[in-house]
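Colleague: Spelled out, the chains give:
Number of protein chains: 6
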Amino acid sequence: MKEELLMRFDEAYSGNVFIKSHPTYEDAQAVIYGMPMDWTVSYRPGSRFGPQRIREVSIGLEEYSPYLDRELDEVKYFDAGDIPLPFGNAQRSLDEIEKYIQTLLADNKIPVGMGGEHLVSWPVMKAVAAKYNDLAIIHFDAHTDLRVEYEGEPLSHSTPIRKIAEHIGPKNVYSFGIRSGMKEEFEWAKENGMHISKFEVLEPLKEVLPTLAGRNVYVTIDIDVLDPAHAPGTGTVDCGGITAKELLASIHAIAGSDVNVVGFDLVEVAPIYDSSEMTANTASKLLREMILGWVK
Amino acid sequence: MKEELLMRFDEAYSGNVFIKSHPTYEDAQAVIYGMPMDWTVSYRPGSRFGPQRIREVSIGLEEYSPYLDRELDEVKYFDAGDIPLPFGNAQRSLDEIEKYIQTLLADNKIPVGMGGEHLVSWPVMKAVAAKYNDLAIIHFDAHTDLRVEYEGEPLSHSTPIRKIAEHIGPKNVYSFGIRSGMKEEFEWAKENGMHISKFEVLEPLKEVLPTLAGRNVYVTIDIDVLDPAHAPGTGTVDCGGITAKELLASIHAIAGSDVNVVGFDLVEVAPIYDSSEMTANTASKLLREMILGWVK
Amino acid sequence: MKEELLMRFDEAYSGNVFIKSHPTYEDAQAVIYGMPMDWTVSYRPGSRFGPQRIREVSIGLEEYSPYLDRELDEVKYFDAGDIPLPFGNAQRSLDEIEKYIQTLLADNKIPVGMGGEHLVSWPVMKAVAAKYNDLAIIHFDAHTDLRVEYEGEPLSHSTPIRKIAEHIGPKNVYSFGIRSGMKEEFEWAKENGMHISKFEVLEPLKEVLPTLAGRNVYVTIDIDVLDPAHAPGTGTVDCGGITAKELLASIHAIAGSDVNVVGFDLVEVAPIYDSSEMTANTASKLLREMILGWVK
Amino acid sequence: MKEELLMRFDEAYSGNVFIKSHPTYEDAQAVIYGMPMDWTVSYRPGSRFGPQRIREVSIGLEEYSPYLDRELDEVKYFDAGDIPLPFGNAQRSLDEIEKYIQTLLADNKIPVGMGGEHLVSWPVMKAVAAKYNDLAIIHFDAHTDLRVEYEGEPLSHSTPIRKIAEHIGPKNVYSFGIRSGMKEEFEWAKENGMHISKFEVLEPLKEVLPTLAGRNVYVTIDIDVLDPAHAPGTGTVDCGGITAKELLASIHAIAGSDVNVVGFDLVEVAPIYDSSEMTANTASKLLREMILGWVK
Amino acid sequence: MKEELLMRFDEAYSGNVFIKSHPTYEDAQAVIYGMPMDWTVSYRPGSRFGPQRIREVSIGLEEYSPYLDRELDEVKYFDAGDIPLPFGNAQRSLDEIEKYIQTLLADNKIPVGMGGEHLVSWPVMKAVAAKYNDLAIIHFDAHTDLRVEYEGEPLSHSTPIRKIAEHIGPKNVYSFGIRSGMKEEFEWAKENGMHISKFEVLEPLKEVLPTLAGRNVYVTIDIDVLDPAHAPGTGTVDCGGITAKELLASIHAIAGSDVNVVGFDLVEVAPIYDSSEMTANTASKLLREMILGWVK
Amino acid sequence: MKEELLMRFDEAYSGNVFIKSHPTYEDAQAVIYGMPMDWTVSYRPGSRFGPQRIREVSIGLEEYSPYLDRELDEVKYFDAGDIPLPFGNAQRSLDEIEKYIQTLLADNKIPVGMGGEHLVSWPVMKAVAAKYNDLAIIHFDAHTDLRVEYEGEPLSHSTPIRKIAEHIGPKNVYSFGIRSGMKEEFEWAKENGMHISKFEVLEPLKEVLPTLAGRNVYVTIDIDVLDPAHAPGTGTVDCGGITAKELLASIHAIAGSDVNVVGFDLVEVAPIYDSSEMTANTASKLLREMILGWVK
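Protein chains in written order, with my numbering: chain E, 21 to 316; chain X, 21 to 316; chain F, 21 to 316; chain G, 21 to 316; chain R, 21 to 316; chain Z, 21 to 316.
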């Protein structure tokens with residue numbers, strides 16, 4: 021009798037995870053996790069609630085992608101919930117994330133992260149870089165995120181790309197869609213051979229992808245690469261961005277290329293500004309396409 | 021004295037109907053009606069309140085279309101209010117709608133429907149097909165709506181296009197903008213010769229229209245063919261859709277073609293998600309253009 | 021066939037009027053009308069959309085009042101829609117309203133108004149005072165509305181009670197719940213023998229009602245007499261007001277007294293600030309109780 | 021290494037359940053479950069999303085109740101997630117719920133339900149009544165919920181109290197706070213000896229409780245017993261209700277009485293109308309107090 | 021005269037200021053001012069609160085434009101706050117604005133206005149035309165704004181472009197993006213040699229700009245030239261507009277041309293409809309680009 | 021030192037000001053300042069935007085209090101804008117606030133603070149305690165705020181009352197309206213002779229005030245002492261609070277007592293949750309009453 025009930029419990033739990041996530045960790049190819057941190061944000065906080073809301077609305081998704089002609093059943097991904105992070109303590113939070121990812125990588129899982137503010141990508145990328153020494157970063161964002169510090173604070177949501185660029189070499193970092201940053205950031209990128217495509221994403225991406233053929237790549241997407249019309253639910257909206265259609269096409273371009281995606285994340289969804297739940301719904305569809313296109 | 025007051029009452033009633041609607045049924049070319057039903061919706065309900073809100077915001081419309089160089093005064097359409105539907109009973113609601121449309125058609129009125137969920141289009145299309153035996157369907161939507169049933173329920177908002185396709189033959193149904201559905205639905209369409217344009221609307225429509233020249237056509241538009249950026253106020257948002265500009269151009273392409281539009285509807289506007297009233301305003305403008313372009 | 025359809029049209033129209041409103045003007049005891057004007061408002065406009073929204077949500081009302089043990093079927097009231105008002109022109113709008121009410125009164129209808137800003141009550145009260153020379157005004161509001169002018173403008177939403185008080189004599193005006201106004205307004209009221217109950221409504225009302233026994237009374241309710249917690253959807257929120265429960269009890273106190281209510285209104289519902297539709301729903305219930313309690 | 025990670029997974033899952041819920045079913049005293057159904061609602065749907073949102077905001081709760089001087093650690097309750105319900109099929113949904121509760125009761129767990137629409141309480145109460153033959157129902161609500169059917173449909177959110185009253189005898193049902201219903205419902209209750217306290221809750225409850233001393237009691241709370249000011253996030257708001265403070269006091273009155281609470285639920289939280297997340301937050305606190313006060 | 025104006029500046033300084041605005045009036049090249057007027061609006065008012073909200077969100081802007089490779093520090097602009105306008109009195113408000121601008125122009129400041137409704141641009145353009153006798157107007161808008169009057173009122177938000185066109189000659193006025201207006205307005209424009217680009221902005225602008233080389237130009241932007249997806253926070257949303265990306269490109273096209281911008285404004289931002297603060301954020305970025313691109 | 025502070029005032033003056041604030045610092049009795057900090061908040065951040073929004077809506081206030089029969093002109097208060105705080109750095113922010121208050125006190129100004137999170141009150145109270153050695157604290161709040169630390173962090177919004185209680189002695193601190201906290205916090209208060217009135221405010225306050233006659237008192241009000249119905253716009257809503265009416269009465273009770281108010285603040289207004297601007301409007305009225313009642 022209890023067996024039957026518990027079986028039903030297992031089904032029931034499916035409401036709390038990303039749609040169609042695999043029931044067990046052991047045989048999963050990829051692991052989804054939330055990083056509910058937003059404590060270094062300068063403008064409008066709230067992205068700590070992003071991962072849970074993305075899971076909640078994922079029940080509205082179809083399981084089949086007509087773009088990729090593939091169904092979620094064809095990939096095994098385990099939704100491990102949110103990483104418990106020490107509230108307000110950025111350094112310890114980043115340490116927790118790094119250790120967590122190290123374990124995933126040791127178990128040969130592809131890490132699939134949901135933010136939280138963009139700084140959470142830094143320890144993930146560091147851990148991934150420790151495993152793959154030819155790693156390249158593909159970065160979609162409205163912002164450079166190349167600051168050394170923000171108002172004296174080296175742990176800031178404005179710094180993660182600078183940190184990874186210095187860690188693996190700026191020539192291995194490719195940013196797309198950038199339309200906001202300090203003059204110094206753009207100059208630093210230029211002087212150090214880092215790739216920045218201002219304003220545009222799909223066309224320059226198609227030019228870059230062949231040069232990365234065969235390499236291991238980590239992809240980090242700040243949802244604000246989208247125009248605010250397409251993603252109002254984020255902290256730092258900045259008009260002049262790309263459409264969701266173009267971002268989907270960019271995901272599919274990577275899927276069709278010869279790069280090897282070894283991890284990825286989608287960050288900065290902030291439900292409190294997402295008055296029609298549009299951004300959470302879009303994020304859940306983007307994740308479906310990334311999983312179907314990149315986890316092979 | 022009372023005459024004067026009652027005249028004023030008549031004017032006053034104009035606030036409750038679609039802008040510039042004709043005062044009498046008898047000499048109207050077209051009849052607008054709401055179908056306030058949303059009881060088979062799987063994700064986010066609320067479209068039952070769509071028709072009233074579209075009427076309310078229509079007062080903000082100009083009466084002239086610079087696209088078509090035509091004014092609302094040049095068409096006679098009567099706004100008959102919402103069809104009273106038995107709450108929660110899908111079958112009886114559909115029966116009521118079908119009988120209603122049969123009456124309109126017997127009186128040689130062009131039916132102009134406002135949803136409500138998409139299932140309401142099924143009895144309308146069935147009634148129209150009974151009158152015009154060469155009928156073709158033009159369908160704008162994010163979703164295939166080709167399911168046989170949804171979770172065991174044959175009356176579902178996911179099924180209307182399947183029903184009409186089986187009724188008049190799949191080769192007479194043309195879907196545009198589709199970006200969501202089950203693998204089986206896409207396969208059924210392909211195997212049965214139904215036209216599906218994935219993702220795109222305007223270009224494939226321009227290719228299809230000449231092949232329909234001279235035929236009687238019913239057009240059904242699910243507002244979610246638009247990207248959520250353009251229509252947040254609907255139950256099942258799905259990013260990657262077209263812009264309102266492209267949908268307007270598609271309406272105008274039909275207006276400029278040689279098809280004979282014998283009825284049309286616009287469904288799935290759900291005010292509760294429409295935080296800035298954007299979707300209702302857009303729906304009212306789309307209706308103006310459909311009326312001016314299609315009722316000749 | 022068409023007869024049947026038109027009958028259905030009549031039913032359908034019921035969605036556009038206050039719930040259970042009587043189908044014909046001639047034999048109605050009371051007439052409901054909207055006064056969609058907000059052009060003299062100083063702080064936050066939007067009440068012009070109030071009457072339509074109150075009608076829309078009235079479909080959620082039960083037809084029976086357990087407070088009064090009476091059903092809407094027991095009263096005949098005709099919903100005449102909104103009075104067409106010349107946008108932006110306060111004087112002409114007020115003239116239109118006054119003529120409209122004169123006609124209603126000549127036909128022996130009880131006027132039941134929905135605002136719109138509070139200034140619309142002034143021409144109504146003036147017309148009512150012309151018919152009943154013993155008229156008293158019962159006024160529920162957060163604000164005195166006793167200004168002579170507002171920033172040089174004698175037609176302002178801050179002035180209607182001053183106007184009627186000067187017209188019928190301040191001793192015949194009874195204000196309740198007042199918690200906002202200029203010092204001069206309170207002083208003028210005191211010096212001229214007008215009744216003002218500051219902050220409180222129900223207790224002082226119970227003391228006043230016996231002194232009005234047998235008199236003809238017009239009741240004007242500004243929804244902002246309620247605390248913002250109970251009526252966020254209004255232009256000028258002012259905390260410290262009464263609860264909806266107390267306002268209901270006050271309506272019932274009048275119903276149980278010996279005054280003769282010859283007209284009434286409910287004004288200043290502004291849907292754009294009414295994020296959960298609470299205020300419109302509350303207004304529709306208040307109107308039900310006023311109709312059931314006061315139209316005998 | 022993996023052990024450590026999995027332990028962290030367990031912690032992480034705590035973000036998806038009601039705060040401080042016990043990790044295992046076997047030794048839990050009570051079981052929390054969601055019933056995400058809203059398909060028979062007549063006015064404004066959306067309560068199907070209530071249970072998940074209540075869990076989400078429960079992280080903002082303190083674990084200690086200064087009202088009861090008790091901490092959540094002192095009670096063992098297991099959050100089993102949402103019961104998977106067949107969308108749109110009311111009868112099968114109710115059957116699923118009934119079987120689910122039967123299992124819980126067979127395992128001697130106290131059922132703690134979160135709605136969903138009020139109809140979900142019917143199969144729960146039926147299952148509980150099968151176990152406890154002296155069962156009494158305490159019911160807090162704005163609405164009688166005593167209809168035999170709604171527009172011809174016997175499975176409606178307006179009927180659950182009628183069903184249980186007929187099942188266990190109207191004399192065993194005690195309703196409080198009722199301020200809305202059809203005349204026939206109030207009359208049926210009166211004629212059949214059912215207890216209805218109109219408008220008020222705490223005072224009549226205090227009178228009733230001693231008469232129930234020693235009996236097994238199921239408590240069902242429709243959140244709309246609260247005034248809309250205190251619970252805007254529900255489908256059918258109805259002004260004139262009680263405050264959250266009074267509802268808390270009522271919960272504490274039951275806790276301090278001699279009744280034996282054998283199950284309870286809180287229903288009709290609808291996040292889409294809950295613009296400031298007030299209702300979900302309030303619901304989570306009410307649940308904390310019910311658990312601390314009633315699970316002994 | 022200037023004393024009086026400067027005194028008003030001090031008062032006005034009670035508004036918060038646009039990011040990085042210069043601390044002193046005397047040595048500023050440009051002066052930013054708000055025109056918080058919305059009293060002639062026919063549809064949805066609220067733009068009076070626009071200027072303050074644009075300033076508030078401007079703190080989220082980067083100070084550097086990667087489009088123009090220029091920083092805000094390179095331009096001296098003084099934010100003078102909102103012009104105090106006599107509420108509800110359109111004529112006196114316009115007179116106040118005209119005098120204000122005359123003083124600015126006498127001091128050789130470039131006027132940078134924030135609306136408020138579009139009618140506020142009329143006295144500004146008149147004052148600018150008095151100084152530059154070769155003045156041309158570049159106008160971005162969804163609406164023609166060419167009415168002679170609106171419902172009998174010559175001071176209406178539908179009239180400013182007609183007024184300036186008659187004042188400086190229709191051949192000197194260039195409108196772009198127009199998609200709404202009366203038939204008569206389009207005809208008047210055509211008959212009088214005024215330039216109207218229907219629907220499109222960037223391409224026709226690029227054709228027009230060379231013909232204006234060397235001329236003094238005033239640019240007036242109604243935010244509703246953007247599609248509602250990009251600017252929901254405005255009174256009269258009208259779908260089918262351009263993207264923020266295209267508007268940015270249009271601003272940059274003017275910056276790169278040989279016209280001499282002698283003043284400009286951005287009007288019709290209405291925060292109450294701007295549920296995610298998207299429109300205010302976009303307006304503040306547009307202003308940054310206009311200042312950096314046009315104040316040389 | 022004052023030069024530096026005044027320079028900061030000039031900078032700060034970039035904020036709009038509270039209605040009727042005095043134009044000069046020198047002869048002001050009281051100084052209003054914002055403390056836009058929310059970086060130690062555990063649940064929902066956003067109060068950093070509170071002070072500006074309170075100023076913005078204060079234009080809707082009447083200048084006269086019918087409660088106190090006093091006008092704002094009778095008090096001289098200078099609005100110095102927001103204190104510039106180093107983002108994300110709690111310790112430096114608190115140091116800045118403390119120095120700022122020390123300067124105000126040296127100039128014999130009464131400090132009137134607007135938060136921001138509650139932690140900002142700690143350095144203010146410390147500075148005030150340094151001046152008045154008989155200082156008592158009156159504290160209105162839903163939460164004890166008596167933690168020693170929060171998740172290892174001694175600078176947390178849960179700690180300010182503990183800090184001041186340890187600084188001036190727990191017996192000098194009087195908390196009212198408390199309904200949330202850890203068991204340890206309530207115990208610590210009891211063991212150390214600190215006054216805590218659970219749940220209630222006005223009645224216990226009236227008992228306490230006579231015992232404080234003649235003493236210097238600082239009053240700190242967390243807006244969440246109000247029920248969420250009355251103040252949805254705050255981070256940590258907690259139902260069961262008092263009404264705005266009771267809080268007004270409590271302010272007036274202090275005004276009518278023999279205590280000497282030497283400083284006060286109102287904290288935790290968070291506009292992003294304040295969907296109808298109710299909380300900001302209420303906060304601005306509360307401040308008016310505090311200024312009129314307490315600055316003599």
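Keep in mind the hints are simulated off the structure, nothing from the lab. Note that this is a predicted model, so its numbers are computed, not measured. A hint or two may mislead.
Claimed, not checked - Below, simulated DSS-like cross-link-like pairs (lysine-lysine); rule was C-alpha separation at most 25 Å, straight line: (1) R:LYS226 with E:LYS218; (2) X:LYS316 with X:LYS40; (3) G:LYS316 with G:LYS226; (4) Z:LYS151 with Z:LYS191; (5) Z:LYS316 with G:LYS265; (6) X:LYS151 with X:LYS316; (7) Z:LYS191 with G:LYS226; (8) R:LYS96 with E:LYS203; (9) F:LYS265 with G:LYS203; (10) E:LYS96 with E:LYS151; (11) R:LYS96 with R:LYS40; (12) Z:LYS191 with G:LYS265; (13) R:LYS119 with X:LYS316; (14) Z:LYS40 with Z:LYS316; (15) E:LYS265 with X:LYS40; (16) G:LYS40 with Z:LYS203; (17) R:LYS218 with X:LYS265; (18) Z:LYS316 with Z:LYS151; (19) Z:LYS96 with F:LYS203; (20) G:LYS151 with G:LYS203; (21) E:LYS203 with R:LYS265; (22) Z:LYS191 with F:LYS226; (23) Z:LYS151 with Z:LYS96; (24) G:LYS218 with F:LYS226.
Claimed, not checked - Residues from chain X shown here face chain G by an in silico Cβ test under 8 Å; the list is partial: (25) PRO106; (26) ASN109; (27) GLU173.
Glycine included, C-beta positions come from ideal geometry on N, C-alpha and C.
Colleague: Now tell me, hint by hint, if it's right for this structure.
Modeller: These are the hints, each one checked on the structure:
1. Taking the CA atoms of LYS226 (chain R) and LYS218 (chain E), the gap is near 22 Å; set against the 25 Å cutoff, the hint holds.
2. With a C-alpha separation of about 17 Å, the suggested pair LYS316 (chain X) and LYS40 (chain X) falls inside the 25 Å cut-off, and the hint holds.
3. In summary, the hint linking LYS316 (chain G) to LYS226 (chain G) is supported, as the alpha carbons are separated by about 20 Å, within the 25 Å threshold.
4. A hinted pair counts as satisfied when its Cα atoms are at most 25 Å apart, and LYS151 (chain Z) with LYS191 (chain Z) qualifies at roughly 19 Å.
5. Annotation: proposed proximity of LYS316 (chain Z) to LYS265 (chain G) is violated, straight-line Cα distance about 35 Å (limit 25 Å).
6. Our distance criterion of 25 Å between C-alpha atoms is met by LYS151 (chain X) and LYS316 (chain X), whose separation comes to about 19 Å.
7. With a C-alpha separation of about 37 Å, the suggested pair LYS191 (chain Z) and LYS226 (chain G) falls outside the 25 Å cut-off, and the hint is violated.
8. About 19 Å separates the Cα atoms of LYS96 (chain R) and LYS203 (chain E), which keeps this hinted pair within 25 Å; it holds.
9. Between LYS265 (chain F) and LYS203 (chain G) the CA atoms are separated by roughly 21 Å; this keeps the pair inside 25 Å, and the hint holds.
10. For the suggested pair LYS96 (chain E) and LYS151 (chain E), the alpha carbons sit about 22 Å apart, so the restraint of at most 25 Å is met.
11. Proposed proximity of LYS96 (chain R) and LYS40 (chain R) is supported: the alpha carbons are some 9 Å apart, at most 25 Å.
12. Straight-line distance between C-alpha atoms of LYS191 (chain Z) and LYS265 (chain G) comes to about 29 Å, which puts the hinted pair past the 25 Å bound.
13. Between the alpha carbons of LYS119 (chain R) and LYS316 (chain X) the distance comes to roughly 52 Å, so the proposed pair goes past 25 Å and is violated.
14. Proposed proximity of LYS40 (chain Z) and LYS316 (chain Z) is supported: the alpha carbons are some 17 Å apart, at most 25 Å.
15. Pair hint LYS265 (chain E) plus LYS40 (chain X) does not hold up; C-alpha atoms about 37 Å apart against a cutoff of 25 Å.
16. Between LYS40 (chain G) and LYS203 (chain Z) the CA atoms are separated by roughly 16 Å; this keeps the pair inside 25 Å, and the hint holds.
17. Proposed proximity of LYS218 (chain R) and LYS265 (chain X) is supported: the alpha carbons are some 13 Å apart, at most 25 Å.
18. A hinted pair counts as satisfied when its Cα atoms are at most 25 Å apart, and LYS316 (chain Z) with LYS151 (chain Z) qualifies at roughly 19 Å.
19. A C-alpha spacing of about 19 Å is found between LYS96 (chain Z) and LYS203 (chain F), which places the hinted pair at or below 25 Å, so the restraint holds.
20. Distance check on the hinted pair: LYS151 (chain G) and LYS203 (chain G) sit about 33 Å apart at the alpha-carbon level, beyond 25 Å; violated.
21. For the given pair, LYS203 (chain E) sits about 21 Å from LYS265 (chain R) by alpha-carbon distance, which is consistent with the 25 Å threshold.
22. As the CA atoms of LYS191 (chain Z) and LYS226 (chain F) are separated by approximately 46 Å, the hinted pair breaks the 25 Å bound.
23. Restraint check for LYS151 (chain Z) and LYS96 (chain Z): the C-alpha separation of about 22 Å stays at or below 25 Å, so the hint holds.
24. Taking the CA atoms of LYS218 (chain G) and LYS226 (chain F), the gap is near 22 Å; set against the 25 Å cutoff, the hint holds.
25. At about 6 Å, the closest approach between the beta carbon of PRO106 (chain X) and any beta carbon in chain G falls short of 8 Å, and the interface hint on this residue holds.
26. Taking 8 Å as the C-beta cut-off, the interface hint given for ASN109 (chain X) holds, the closest approach to chain G being about 7 Å.
27. At its closest, the beta carbon of GLU173 (chain X) sits 5 Å from a beta carbon of chain G; the interface hint therefore holds under the 8 Å criterion.
Going through the hint list in order, the structure does not satisfy hints 5, 7, 12, 13, 15, 20 and 22.
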